[in-house]
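Working from the sequences, and respecting the hints, build out all of it.
Per the numbering used here, the sequence shown runs over residues 17 to 364.
Worth flagging that the hints you see were computed from the coordinates, not collected in a lab.
Don't take every hint at face value.
Said to hold, decoys possible - Here are the computed lysine-lysine pairs in the BS3-like style, where the Cα-Cα straight-line distance is at most 25 Å:
#1 K100 <-> K85
#2 K245 <-> K267
#3 K177 <-> K267
#4 K234 <-> K301
#5 K326 <-> K354
#6 K275 <-> K354
#7 K100 <-> K350
#8 K107 <-> K142
#9 K142 <-> K326
#10 K104 <-> K245
#11 K234 <-> K245
#12 K177 <-> K145
#13 K85 <-> K234
#14 K85 <-> K145
#15 K107 <-> K145
#16 K350 <-> K275
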Amino acid sequence: MNFLRTSLMVTLIGVSSLMAKPTIAILATGGTIAGSGTSELKSSYSAGAVTVDKLLAAVPAINDMATIKGEQISSIGSQEMNNKVWLKLAKRVNELLAQPDIDGVVITHGTDTVEETSYFLDLTVKSKKPVVFVAAMRSSTSMSADGPMNLYNAVNVAINKETAGKGVVVVMNDEIHSAREVTKVNTSSVNAFASPNSGKIGTVYYGNVEYYMQPTRKHTVASEFDVSKLEDLPRVDIVYAHPNDTDVMVKAAVTAGAKAIVHAGMGNGNPFPLTQDALADAVKKGVVVARSSRVGSGSTTLEGEVDDAKYGFIATTTLNPQKARVLLMLGLTKTSDKKALQKMFLEY
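In structure tokens form, the structure reads like this:
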């Protein structure tokens, strides 16, 4: 009798274990997904006006698949994103993922800078557990708001075992993108995100997750960057190239105290001659100069039309200017050696 009772208890415990729901922490930062407007048919709204509890209440189905723990990190439009919030978010995500009872993190964010914030966490999170960014192009009060479905899909991606180890991902419009590759390509369409150089790594359709590719660059647990003790990040400015350019913006960045400049050059990262001279002078003053491109896809290669060795420039490979800035900020917390920084752009 005791044997049967013990066997029954073991069986029940096993069934209970199989039925246990994963626990997902949802961190809200603001953005359009938490935006609120006065009309469902107007594009004007206030970003970050909806609190995390109301955001989650709009998608009750996520509670059927996971135990949800919501937390408000900030309540801003992502055009207001800054180093302080980045560091706070990265530290909090690392704290949560270190807890054995947390199976993954979903972060709600504005679309304007989600590509930079997600890449920052891709380089600073120290866990293989899923970290999923999600956003929306229409506010919560818009007709046919895309936020609820995006959030539902994001939670499904976060509880999917295949997401683990893929680094930070971004879920938008039924697509899953690697944080390193994704960028915003449209100002207003719900189909606003793409990964021009690699394509999406998967899809999520009404919660059904399928992966096609694996990110290959170093990220998360393989990353050397540690923000646990950082209170701020080095200043890195972006200078955008154009015909008939000048040296004004480069000189202004140097005067303002920039430790590095990312030059969003024409074509394969090419600067206007006067601007190139100013960038070379900046290098002589100890400022790191990284060549990127304003084109939007492709690689900014070493030793193309520009003699990088001569001028002391580094090349950002396939990172666009805004993502190159993120890597350079973190790289400068480790070293200012140009060869070491160039190696980072080849590995991350």
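Hint-by-hint comparison with the structure:
Simply put, K100 and K85 have alpha-carbon atoms about 23 Å apart, close enough for the 25 Å limit, and the pair holds. In summary, the hint linking K245 to K267 is not supported, as the alpha carbons are separated by about 32 Å, beyond the 25 Å threshold. At most 25 Å may separate the alpha-carbon atoms for a hinted pair to count; K177 and K267 exceed this at roughly 49 Å. Distance restraint check for K234 and K301: the Cα-Cα separation of roughly 31 Å exceeds the 25 Å cut-off, and the hinted pair is therefore not satisfied.
For the proposed pair K326 and K354, the alpha carbon gap of about 13 Å is at most 25 Å, so the pair holds. A threshold of 25 Å between alpha carbons decides the hint, and for K275 with K354 the separation of about 12 Å falls inside it, so the pair holds. Straight-line distance between C-alpha atoms of K100 and K350 comes to about 19 Å, which keeps the hinted pair within the 25 Å bound. Among the hinted pairs, K107 with K142 is consistent with the structure: their alpha-carbon atoms are about 10 Å apart, no more than 25 Å.
Under the criterion of a C-alpha separation no larger than 25 Å, the hint pairing K142 with K326 is inconsistent with the structure, at around 38 Å. Our distance criterion of 25 Å between C-alpha atoms is met by K104 and K245, whose separation comes to about 11 Å. Pair hint K234 plus K245 holds up; C-alpha atoms about 22 Å apart against a cutoff of 25 Å. Simply put, K177 and K145 have alpha-carbon atoms about 9 Å apart, close enough for the 25 Å limit, and the pair holds.
At roughly 29 Å between alpha-carbon atoms, K85 and K234 are farther apart than 25 Å, so this suggested pair is violated. Pair hint K85 plus K145 holds up; C-alpha atoms about 16 Å apart against a cutoff of 25 Å. This hinted pair checks out: K107 and K145 have alpha carbons roughly 15 Å apart, not beyond 25 Å. Restraint check for K350 and K275: satisfied, since their Cα atoms lie roughly 13 Å apart, inside the 25 Å limit.
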